Amino acid sequence: MQNERSLEKHLHYVAKNIDSNFIKMKPILLLGHERALTQIKYNREGDLLFSSAKDLRPNVWYSLNGERLGTFNGHCGAVWCIDVDWETTRFISGAADNSLRLWDCATVFMLIENSIICVGVEIGQLSVKSAVRTCVFSYSANMAVYSTDATYGLDCEICVIDVRNADDSFSNTSPILRMQVKGSKVTSTIWGPLDKTIITGHDDGTITQWDTTTGRIIHSVKDHKGAINDLQKNSDGTMFVSASKDCSAKLFDIEDLSVLKTYQTERPVNSASISPLYDHVALGGGQEAMEVTTTSTRVGKFDARFFHLVFEEEFARVKGHFGPINTLAFHPDGKSFSSGGEDGFVRLQSFDQSYFDYKFDY
Amino acid sequence: MAKKKDSEKQNANENANKNGEESNFNDPDGFVDDITDEELLDDVLANKPKETDGFESVIIVDGVPEVGPDRFEKLKNVISKIFTKFGTVVSSYYPKDENGNTKGYIFIEYNNAVSARDAVTAVNHVKLDKNYTFLVNLFTDYDKYTTIPENWEPPVPQLYVEKPNLQEYLLEPDAYDQYLVFDSDWHVQIWLNSSPHPTLLEDRERWTESFVRWSPLGTYLATVHKLGVVLWGGPKFVRIMRFVQPNVQFIDFSPCEQYLTTFSPEPDAADKKKLVIFDIRTGMEKRSFIIDGAPVWPIFRWSKDDKYFAKIGPNILSVYETPSFGLLDKKSIQVSGIKDFMWSPSDNVLAYWVAEDKDVPARVVLLEIPSRQEIRANNLFNVADCKIHWQKNGDYLCVKVDRYAKSKKEKGEVKYSGMHYNFEIFHMREKNIPVDIIEIKESIHAFAWEPVGSKFAVVHGESSNIKVAFYDIKSAEKLSLIKLLEKKVCSHLFWSPTGQYIVLAECREVGALEFIDTNDFSTMASGEHYKATNVEWDPTGRFVVSSVSAWNHKMDTGFWMWSFQGKVLKRNNSNTFCEFKWRPRPLTLLSESKLKDIKKSLKKKYTVQFEQKDRIRLTKASKDVVEKRQKQMKNFKEYRDKRIEDWKKQKQERLQLRSYVDTDELNSDSKNYDEEIVEFIIKEETTVID
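Protein chains in written order, with our numbering: chain Y, 1 to 362; chain Z, 363 to 1052.
In short, the hints are calculated from the structure, not lab data. Keep in mind that this is a model prediction, so the values were computed, not measured. Using N, Cα and C, we set each Cβ at its ideal position, and we do this for glycine too. It cannot be assumed that every hint is accurate.
As the list claims (entries may be wrong) - Subject to a maximum C-alpha distance of 27 Å in a straight line, what follows is the list of computed DSS-like cross-link-like pairs (lysine-lysine):
#1 Z:Lys1010 x Z:Lys929
#2 Y:Lys359 x Z:Lys982
#3 Z:Lys929 x Y:Lys359
#4 Z:Lys916 x Y:Lys319
#5 Y:Lys335 x Z:Lys1010
As the list claims (entries may be wrong) - In silico negatives: residues of chain Y with every beta carbon more than 10 Å from chain Z:
#6 Glu122
#7 Val128
#8 Tyr152
#9 Asp204
#10 Gly323
#11 Ser350
If we strip away everything but chain Z, and leave its shape as in the complex, we get:
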């Protein structure tokens, strides 16, 4: 076209110039149009009507009774009654034989293809009566069915592609943990926390386009891209699966890593779904939801075994079940005023709470799924807010209740005064689930369950005197304060995943860390990682990492590795450091008794082994360092020797420059040495003598 136009223009111009007549748009003589239509009008051609157009609204109905002309009208009535339900029938055609009998099949044309399709899905295989069953097909499918080959060919078996062992990282003989380091330029590194120096396992630039996450059991690494989510795994971190959803902003794994939830608040115009649940193993989309407003992530919360997932809406709790992905019992649970809920980490029980409404008290309810049975409910008064904390083993549930003495309504906002706080502790493993209550008058800054065991810690008090209280619920009813630490610098609590040890951290200003052994409440060590905002235990409770992210701070970003006793092992400072994440581990498969055995024989059997191993590693490491230094020194010495030789050769020239005074050494010039004596008063003492 372009070519043509140019030549035309030229022609036109020439003509206009020559005779001033109307432009001539004819092709010049001998012009050959060598541009195909496809090249020129590809986009327009895509919309060119096809031969089949118009036939999409036609259906073929087979299995119609064969009738003579006498009953034809009646048949027509019956048929049109059935088929006009799906849309306007434009025409129908009843083929007849020479005697005027219908042939048992008819053609019906709708005014649009949608009606035709609806009719096919609805009426196909529907019985008209005992003898006749409709077989309805789209006219456009006719070709498809006629060309089915006579002989069935078995599908070719697909080649077996070996998948990497996703659990390989658990086979590490020394049980070293892995961690990922995310740098500001989408640079992701995976390290093995080996002793005495970590080993770099993977290092990829631009591995992700927004963020990275480990799956909850550590099997997969998820990277989030503009077009969706990619899962990586195995020893070499190969791509395991892709999930397409443009502009993903949040992702969430189900606890057993069977399903992946992705959420994209502003998907493409064409793609309206906002939240999609994928099956991780097959990569298939299981269900999608349209979410209104700006919800709190995660919108859906999973039960511990991936069997159920639930979300709350206004006055409603919707529980869905897998693998059908339908609503449990096909209906949501009506709970007026529901505010928040949490699944138990060990049972299919969820705890939710309902806000106070005039004379109706607030309620905390434990609901068993799928029976929908309320196994425990607690009424509460004067409630401003509740927070639900499950203990990791699901043995206990703590609901922190913010209560008020007075409430006022000011400008539409409710203001509370005389705040005090209750901890309602539910003993899940006991009959009837008894509840204990602790009341604390001061404001609460943090709460944390010991992951295993029965202790929990609370940070409370005014900023001048922050207290850390430890409670124990050993026996059934008796819940007791076992230790109160006063005047601590602390804003967050981090329990070791194996219990017993806890880090009291101040993660707002200074970044102070205090390592405490809760067996005797001794401070093992305390330190400071200035401005540290994040603290994370490794999955085995051997190391703690504190970090300062470039997302929050400009200066001194990096992460520090601490031992569980609070000794800084390594300081990794980097300007581009953003995020540190330990690779999670699945729960141990060892039984309780086996664990006990191991703990018993730890001192006798294992300590010696481990210490020996550590020693060997350390000697090797220091040998490595020494070797490296020797090499550096050797190279440097070689360089220096050469330079010093040159320098010595230049001695005469140097002497010449400084009028033959040798100044090469500090005291080399002995001839021109002037000694000057300068006296100083070093000390003056006055002693009064009686």
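With the rest of the complex left out, here is chain Y:
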């Protein structure tokens, strides 16, 4: 099975469903991972889609047709988090092998022209004491933040590093800011406006706002009863949506962390994304794999669910995954979205006309 799915075979995998009308609602299945997906991210323009899974190699894909552009080989543990900077020049990934790696994106393009082997070139790696759970480039991409897991008597830590002139010496980089997290570990991180704050979601449901100049906590709120699984900003970065194990997602103001809206479901929510085009929110999740008692996907509710941002009403579901959705993202143009599941697939889904025609009466 593993051989069949091996990377080499699928190196130039183009989805089965592609034919003349492939841009319709038929999804493109991206088969590049051997294990459960952990994170997917579009670059700023949305032409590329990056994905990471519990296997060792993050992938990068053309979002238009699902063709794989390349992989980032090097990690020797489950990759928990990835990010790409705004210029799509550098790529960062954190893994369970206690390392944070910085990659050159441009190399990937160069190599594809040579069409020899399509791998990203590692600029450098930073070894830390425990698994890297989250990593994000700042708005300017001059800095990046990463957080580590709390294990073996080590506290969870949030570190800000300078990545402006990252080169071979990256491994010796010392953080410009280090924040110890007492208590519940960080599970999700985003940057606040103008790189002045960092917002972290925690295992116990708290959401904390940190000052990046002093390293102090500005706000801390606990509006979720279960672990925060994901935080994603809207297109202008003034709001963000949280996805929580307590079966809900909430819309927060990024400045004062006030809850603006709540989207309630009956299954844990693993990921939530705000449409850049309409007042829509997409939620992905489902019953946790370890808690699935029957084989029926009916129980699991592994659908991507669409809610109206303001009215909090669910208006559509997209089926497909046969395990919970772990990560989900809107394309920056809002005309398609992708979801990565526990089943190891990434589904790249373009909206058909009925989605654009659908209007709420008000």
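For chain Y, the structure is supplied; the task is to place chain Z on it using the hints.
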């Protein structure tokens, strides 16, 4: 005491320390005991002997013949003969006048109070002979009788307390039904099933401490608590009545809501009664029973008019009558081997069945009460089990008979093989009650009478091919199979209370529902409420509710409202949902002909009205939704405008961060735009050309 002790201890310690002598328990000088005995020894004082003690075993007997000393001994003999029957007489005293004549009253003392009391109840007002009648009283009552005031004062009339109208819920102009929703934390809500959205009528936390029930006609809501049962009613659900019985586990209403039966398997030690029947209107206890073993609830089954109630014991059928609550004709009916019985829903007739015993066949008997006349009996052979199903109108009785070809005894358990099933249909309304028999070879999963009308449905067959058969008994003898539906997913049958429509439900695994119109046996709709275990029609047959209870499942609990045509109207999912119960309605008071008239004019007269009403309601509802959304949108827009304004102000700072490249919009940066052309193979086609 505590104070005293402390000071004593201190003293004692001091003394012991000082001189090592024996402790001195005397109060220190100047000690004032400021604690009253009541405070200290309240429990002990409660048992302190009272002055009256000892007099309880004394009685005063009046109306005794006045005799001289010559006949005194004879009198003494007569008296002691009468009064020694009740216990040991310790002493007797015959007051005499100066001439030695008795005064016509005597004092007798027993060795205990019980004997004295027995003597009073037994001998009081008993005639000794023509001239003398005993008047016996307890000595302790003497005071009571002497202090009766001379003038009788009429009792003060109690203030009239207005009771709420218990039937108020039936006056709802649109005949909306009510239902209760019971959540896992004893949270009870009562809703009005109004269109298009239900209305919350009552919402109370911890309204009950174990469960809630509607009374059979819907008048009361019963909540069960540790100390007993409370009935609520009226438009505001105020408390109507309380019935005290600790640790109640089961309750049962009589069909006309006159009596309430409560059963507590483990009552307090002091309170031995296990089953109590209360009068609902007065709250008085009517009778209690001690029930042995672990009986099947309900232990007592009521006849349709609350006149009789009955239970079975080993080889016995006990029928009691109201309002005396005594055994009918003061004796039970001996029926050896009686297994089960059911009252007819329309007459004072009960059906019971008797198990087979060696050469004596099993019997199904229809018994008329109170005449105890067997109006019909049917002998059956090779019977493993029987189930009695009365049709709701009492027009028909169906007895499902499980029969066997062979039986073996293995390890004390009887094993049957070659099972087949008979339905014995009794036509109650015809002369001599003729019986029809249907035989089905396959195993039976469910049986249900159409509540009104003459149809019934049976689910039978192997799991690979479950069949639903519909039978009709229109004409007297001819009972016919009118439809057989094969390969259905079905385990339970739910007829609409008004007949005609039926829901075939699979309530074990998937929760599939199929709505069938039995006029033409068309499937109106089918759906699935995953894992649904309960299905309930509303009392008027307009809605069906399927539910998944948190008592059975962890996931996706809640209840769904369906129209009778099988359209899901509303999905109410809640993690804490446990139970859904429609509020029952009493039977209609309209006559048959009136009902027919209404049905006739339904299309012409009422449909238009109803549809118009529905339209108005819907437009109003959608208007409400739109208004709500407009408000939400307005608030959100206001918030967003403020934030976007801030965001625009920060533009310079943003540009600075990204080396003056404008990335605010996806395509806002036109200067630094590089176009890269990437070619993809979209489709490859090979066409062979000849």
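We went through each hint and held it up to the structure:
1. In summary, the hint linking Z:Lys1010 to Z:Lys929 is not supported, as the alpha carbons are separated by about 50 Å, beyond the 27 Å threshold.
2. The straight-line distance between the Cα atoms of Y:Lys359 and Z:Lys982 is roughly 20 Å, inside the 27 Å bound, and the hint therefore holds.
3. The hinted pair formed by Z:Lys929 and Y:Lys359 meets the criterion: a straight-line CA distance of about 24 Å does not exceed 27 Å.
4. The suggested pairing of Z:Lys916 with Y:Lys319 holds, with an alpha-carbon distance near 23 Å, which does not exceed 27 Å.
5. Simply put, Y:Lys335 and Z:Lys1010 have alpha-carbon atoms about 25 Å apart, close enough for the 27 Å limit, and the pair holds.
6. Annotated as non-interface, Y:Glu122 keeps its C-beta farther than 10 Å from every C-beta of chain Z; the closest such distance is 24 Å.
7. No beta-carbon of chain Z is positioned within 10 Å of the beta-carbon of Y:Val128; the least distance is around 26 Å.
8. For Y:Tyr152, the condition that its CB be more than 10 Å from all CB atoms of chain Z holds, with the nearest at approximately 34 Å.
9. With a cut of 10 Å on Cβ distances, Y:Asp204 stays outside the contact zone with chain Z, its closest approach being about 20 Å.
10. Taking the minimum C-beta to C-beta distance to chain Z, about 16 Å, the non-interface status of Y:Gly323 holds against the 10 Å cut.
11. At roughly 14 Å, the least C-beta separation between Y:Ser350 and chain Z is larger than 10 Å, which holds for a residue marked as non-interface.
When each numbered hint is compared with the structure, a violation occurs for hint 1 only.
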